[in-house]
Amino acid sequence: MALTFAATPRTQPEVSARARGRRGRAPRRTATGWGFAGPATLLVVGLSIFPAVWAFFISRTRWNGIAPARDVGWRNYERLLSDPDMAAAARHTLVLTALFVPASILLGILIAVALNQRIRLIGFYRTCIFVPYVASAAATGILASFVFNPQFGAANEVLRRLGLPAQQFLESPSQALVVICVIALWGEVGFTTVVYLAALQDIPQELIEAARMDGAGSWRVFRHVTLPELRPVTVFTAIWQTITAMQLFDLIYTTTRGGPLNSTQTVVYYIYELAFQTQRLGYGAAAAYLLFAVTMLLSLAVIWYSRRRGSEAF
Amino acid sequence: MSIFRRNRLLAGGLSATLFLAACTGGGSDEGTEDAAQGYDPNATVELTWWTGQTSEAQTVAEGLAAEYHKLHPNVTVKASPGAPTTDDLLTKLSAGFAGGSYPDISYAYGNWAGDLGASGKTQDLTAYVNEPSFAWSEMPAAAREVATADGKVIGIPALVDNLALIYNKKLFDDAGLAYPTDDWSWQDFRDAAKKLTNPAKNQYGTAYSVSGSEDTTWHLWPLLWQNGGKILDGTKPAFNSDAGVAALETLRAIAVDDKSMYLDQTDEKYGPLFNSGRVAMMISGPWSLLDITTAKLDYGVALLPGVNGDHQTVSGPDLWVLFDHSDANRAGASRDFIKWLTSAEIDAKWNLKVGNLPLRSTEKDSPEFAAYVKEYPGGQKFFDNLANAKQARPTVAGYEVLSRNVGDAIAKVLQGVAAPKQALDEAAEKSADAVEQ
Chain U
1 MALTFAATPR TQPEVSARAR GRRGRAPRRT ATGWGFAGPA TLLVVGLSIF PAVWAFFISR
61 TRWNGIAPAR DVGWRNYERL LSDPDMAAAA RHTLVLTALF VPASILLGIL IAVALNQRIR
121 LIGFYRTCIF VPYVASAAAT GILASFVFNP QFGAANEVLR RLGLPAQQFL ESPSQALVVI
181 CVIALWGEVG FTTVVYLAAL QDIPQELIEA ARMDGAGSWR VFRHVTLPEL RPVTVFTAIW
241 QTITAMQLFD LIYTTTRGGP LNSTQTVVYY IYELAFQTQR LGYGAAAAYL LFAVTMLLSL
301 AVIWYSRRRG SEAF
Chain F
1001 MSIFRRNRLL AGGLSATLFL AACTGGGSDE GTEDAAQGYD PNATVELTWW TGQTSEAQTV
1061 AEGLAAEYHK LHPNVTVKAS PGAPTTDDLL TKLSAGFAGG SYPDISYAYG NWAGDLGASG
1121 KTQDLTAYVN EPSFAWSEMP AAAREVATAD GKVIGIPALV DNLALIYNKK LFDDAGLAYP
1181 TDDWSWQDFR DAAKKLTNPA KNQYGTAYSV SGSEDTTWHL WPLLWQNGGK ILDGTKPAFN
1241 SDAGVAALET LRAIAVDDKS MYLDQTDEKY GPLFNSGRVA MMISGPWSLL DITTAKLDYG
1301 VALLPGVNGD HQTVSGPDLW VLFDHSDANR AGASRDFIKW LTSAEIDAKW NLKVGNLPLR
1361 STEKDSPEFA AYVKEYPGGQ KFFDNLANAK QARPTVAGYE VLSRNVGDAI AKVLQGVAAP
1421 KQALDEAAEK SADAVEQ
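Going line by line, the protein sequences match chains U and F.
Sequence positions in the first sequence follow the working numbering and run 1 to 314.
Sequence positions in the second sequence follow the working numbering and run 1001 to 1437.
Source of the hints: derived by calculation from the structure; they are not laboratory data.
Given the structure is predicted, the values throughout are model-derived calculations rather than measurements.
There could be a bad hint or two in this list.
Claimed, not checked - Straight-line C-alpha distance at most 20 Å; calculated SDA-like pairs for lysine to any residue:
id	chain 1	residue 1	chain 2	residue 2
1	F	Lys1430	U	Asp85
2	F	Lys1092	U	Pro51
3	F	Lys1430	U	Thr61
4	F	Lys1201	U	Glu157
5	F	Lys1236	U	Thr278
6	F	Lys1430	U	Ser263
7	F	Lys1430	U	Tyr272
8	F	Lys1236	U	Phe276
9	F	Lys1430	U	Val72
10	F	Lys1092	U	Asp85
11	F	Lys1078	F	Gln1058
12	F	Lys1430	U	Val235
13	F	Lys1259	U	Ser172
14	F	Lys1230	F	Asp1150
15	F	Lys1259	U	Gln168
16	F	Lys1152	U	Pro68
17	F	Lys1430	U	Ala88
18	F	Lys1430	U	Leu80
19	F	Lys1092	U	Trp54
20	F	Lys1201	U	Thr61
21	F	Lys1430	U	Arg62
22	F	Lys1259	U	Pro173
23	F	Lys1201	U	Asn149
24	F	Lys1092	U	Gln168
25	F	Lys1201	U	Ala166
26	F	Lys1259	U	Ala166
27	F	Lys1092	U	Leu47
28	F	Lys1092	U	Gln175
29	F	Lys1430	U	Thr278
30	F	Lys1092	U	Ile239
31	F	Lys1430	U	Phe276
32	F	Lys1121	U	Ala69
33	F	Lys1201	U	Arg160
34	F	Lys1201	U	Gln168
35	F	Lys1092	U	Phe276
36	F	Lys1430	U	Leu81
37	F	Lys1430	U	Gln277
38	F	Lys1092	U	Tyr133
Can you build the whole structure from these sequences, using the hints too?
Next up, the structure:
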């Protein structure tokens, strides 16, 4: 999950009129330019764009990866729309996203505010919050499946000491998705925290002081100064966490494999299941394209909305 | 597939995310006139052999390849696992087909046979295995059937197994019950399971995987067949017949009405639970014996419970699939190599050595088999049970999809959220498109 902030140069480098005038130099300049851009372009075209285009052609075939592919036109897409498993997977993804995104933003803000205090050992606390984010989701998943093991896990041990009934957690169709969401939050909240921490420290101190001068208490400062200042960052975290939630795979793979009773089968996991477990590559590619289209539309909608509101997160 | 499961059990908790699939194999050969037409046995050839094995079994395989080279100096067999896990072999093969660099011989799960046969890259071994010198009929019928895709023999059985009833003698003694016999009906099984269940002690009469995988699905097939049902009728799903409903109802009654069945969400827990004495009876295959022996459990093996005296079981054979490279010498040499590897003499040094059942009925008199039975007392029963594997899972493209849908249906029924008839009808409807190519 690479995160890059591209800085736009304020001033355009001035191209010298003389250089432009000499015709012999132009090809060389072009060659130099491509010399820098070429390797990266090749990587992107070869490893992302080419497979993506190829996957589109696969999505219009019936293919198991072994026998020759058969062209079926748009039939895979038509079938997807009436596939009950796909509908269930979409529902699970929506529930997961609806739980995960607001929770990770709220928790992120809360923890960031807490970590923005001048207290002893603050560096240690900040590290503690961020460490789970650095750990791989696969490791998190394995760890969590020990903790939430219904028979021997620590979670039930805690419930037992509190005098509460033991739960099935990941083995119960009604609880598994929520438990997965909790595990994902544990792993991902470090990211939103760090983003909000940076945003909090960016808020001009004068604004807060001015508000206090005007007699605002802590809560009103937070509500009317801090929160509005965090809005552009929130647009960014909302989109980012939505994409994270919609693409969540490794955690599900390492904990429930989509079970029990397919209750944690999200769209991404269903695509994996289609393409690599039951060898329906064409149908799986069609599902992947559908997911891609939905994710892109969602992102565009949020960006459009935020631009209209005047934020500049993207 | 059996070994795959065994290794997952071995790896225990840590393997929750790692697919460890080591397999063992034996093999045999056969061929079509076309692929090996004009084969010169003295030509110098190099064969690529994807064994699908890891660790110890791979070492044995390399030893056998070297031994063959000594006997036939003109043939070099390059043995490699082919993929990190046996599961990954299919992906590697499909990538190899696309890139034109696939092996001469590859290990394959039996349920891939339909897909591999449809690739057009396999040799037709039908005539070759039917030569008397090959002794094709010494291999179990179900395994021979799995090696046949679309009427053509595309590979040679590499491993054979079957399901039987394994029980914990101590738990039966404690409950004062007689041990299961080879004549048990499913009602006897159900009654015993009920008496052996004790929620207070976290003890269950039996166990079943509800992960929805092939492990869930293939445990149902013997029951379906015993009731007179079929998986497919031609190319149409037929498992939702009255026989299928009766089969699933048998399991449902034990799981839902009696609650004497431990439902395993993962495929991986019921083996260890049986080994630790929490489950009294488990329906499983010879690959479980290694772990049970390691756990020092006093166990017995009986044939599957039956319907009206029909005790047939299911077999999950794996294959050596031979590929065609438009080179008669390579095709011929790979046939001869696999014929040697799956001969009674060499197979005893291969399958029996790594803890599998022998491929050929004639191996039962070998000293290696005597040693195997001594180490694993249940081995003899599993060997005898091969005769009860009368039908095979269909080798059609699309079986994987069907299996997944049936697995989901069983999982729903055993967890009490669907009725057998409704769940199987739904699975049949969803599978129809996949198998009717």
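Hint check results:
Restraint check for lysine 1430(F) and aspartate 85(U): the C-alpha separation of about 10 Å stays at or below 20 Å, so the hint holds. Note on lysine 1092(F) and proline 51(U): the hinted pairing holds, with a Cα-Cα distance of about 18 Å set against a maximum of 20 Å. With a CA separation close to 19 Å, the supplied pair lysine 1430(F) and threonine 61(U) stays within the 20 Å bound. Taking the CA atoms of lysine 1201(F) and glutamate 157(U), the gap is about 18 Å. The hint holds against a cut of 20 Å.
Among the hinted pairs, lysine 1236(F) with threonine 278(U) is consistent with the structure: their alpha-carbon atoms are about 18 Å apart, no more than 20 Å. Our distance criterion of 20 Å between C-alpha atoms is met by lysine 1430(F) and serine 263(U), whose separation comes to about 18 Å. For a cut-off of 20 Å, the pair hint linking lysine 1430(F) to tyrosine 272(U) stands: about 18 Å separates their Cα positions. A threshold of 20 Å between alpha carbons decides the hint, and for lysine 1236(F) with phenylalanine 276(U) the separation of about 24 Å lies outside it, so the pair is violated.
Pair hint lysine 1430(F) plus valine 72(U) holds up; C-alpha atoms about 18 Å apart against a cutoff of 20 Å. Distance restraint check for lysine 1092(F) and aspartate 85(U): the Cα-Cα separation of roughly 28 Å exceeds the 20 Å cut-off, and the hinted pair is therefore not satisfied. A distance of roughly 12 Å separates the Cα atoms of lysine 1078(F) and glutamine 1058(F); the hinted pair therefore holds under the 20 Å criterion. Between lysine 1430(F) and valine 235(U), the direct Cα distance comes to roughly 41 Å. Violation of the 20 Å bound is thereby established for this hinted pair.
At roughly 16 Å between alpha-carbon atoms, lysine 1259(F) and serine 172(U) fall within 20 Å of each other, so this suggested pair holds. The suggested pairing of lysine 1230(F) with aspartate 1150(F) holds, with an alpha-carbon distance near 18 Å, which does not exceed 20 Å. Simply put, lysine 1259(F) and glutamine 168(U) have alpha-carbon atoms about 16 Å apart, close enough for the 20 Å limit, and the pair holds. Between lysine 1152(F) and proline 68(U) the CA atoms are separated by roughly 18 Å; this keeps the pair inside 20 Å, and the hint holds.
Between lysine 1430(F) and alanine 88(U), the direct Cα distance comes to roughly 15 Å. Compliance with the 20 Å bound is thereby established for this hinted pair. Between lysine 1430(F) and leucine 80(U) the CA atoms are separated by roughly 12 Å; this keeps the pair inside 20 Å, and the hint holds. With a C-alpha separation of about 19 Å, the suggested pair lysine 1092(F) and tryptophan 54(U) falls inside the 20 Å cut-off, and the hint holds. Taking the CA atoms of lysine 1201(F) and threonine 61(U), the gap is near 54 Å; set against the 20 Å cutoff, the hint is violated.
Distance check on the hinted pair: lysine 1430(F) and arginine 62(U) sit about 16 Å apart at the alpha-carbon level, within 20 Å; holds. Of the pairs offered as hints, the one joining lysine 1259(F) and proline 173(U) holds, with about 18 Å between alpha carbons and a cut-off of 20 Å not exceeded. Among the hinted pairs, lysine 1201(F) with asparagine 149(U) is consistent with the structure: their alpha-carbon atoms are about 18 Å apart, no more than 20 Å. A threshold of 20 Å between alpha carbons decides the hint, and for lysine 1092(F) with glutamine 168(U) the separation of about 38 Å lies outside it, so the pair is violated.
Proximity of lysine 1201(F) to alanine 166(U) is assessed by CA-CA distance (about 16 Å); at most 20 Å being required, the pair is judged to hold. With a CA separation close to 19 Å, the supplied pair lysine 1259(F) and alanine 166(U) stays within the 20 Å bound. A distance of roughly 19 Å separates the Cα atoms of lysine 1092(F) and leucine 47(U); the hinted pair therefore holds under the 20 Å criterion. Pair hint lysine 1092(F) plus glutamine 175(U) does not hold up; C-alpha atoms about 37 Å apart against a cutoff of 20 Å.
Between lysine 1430(F) and threonine 278(U) the alpha-carbon distance is near 13 Å, which keeps this suggested pair within the 20 Å criterion. Of the supplied pair hints, the one linking lysine 1092(F) and isoleucine 239(U) is violated, its CA atoms being roughly 36 Å apart against a limit of 20 Å. A threshold of 20 Å between alpha carbons decides the hint, and for lysine 1430(F) with phenylalanine 276(U) the separation of about 18 Å falls inside it, so the pair holds. Pair hint lysine 1121(F) plus alanine 69(U) holds up; C-alpha atoms about 15 Å apart against a cutoff of 20 Å.
Taking the CA atoms of lysine 1201(F) and arginine 160(U), the gap is about 17 Å. The hint holds against a cut of 20 Å. Between lysine 1201(F) and glutamine 168(U), the direct Cα distance comes to roughly 18 Å. Compliance with the 20 Å bound is thereby established for this hinted pair. Of the supplied pair hints, the one linking lysine 1092(F) and phenylalanine 276(U) holds, its CA atoms being roughly 12 Å apart against a limit of 20 Å. About 14 Å separates the Cα atoms of lysine 1430(F) and leucine 81(U), which keeps this hinted pair within 20 Å; it holds.
The straight-line distance between the Cα atoms of lysine 1430(F) and glutamine 277(U) is roughly 16 Å, inside the 20 Å bound, and the hint therefore holds. A distance of roughly 33 Å separates the Cα atoms of lysine 1092(F) and tyrosine 133(U); the hinted pair therefore is violated under the 20 Å criterion.
Of the numbered hints given earlier, the model fails hints 8, 10, 12, 20, 24, 28, 30 and 38; all others are met.
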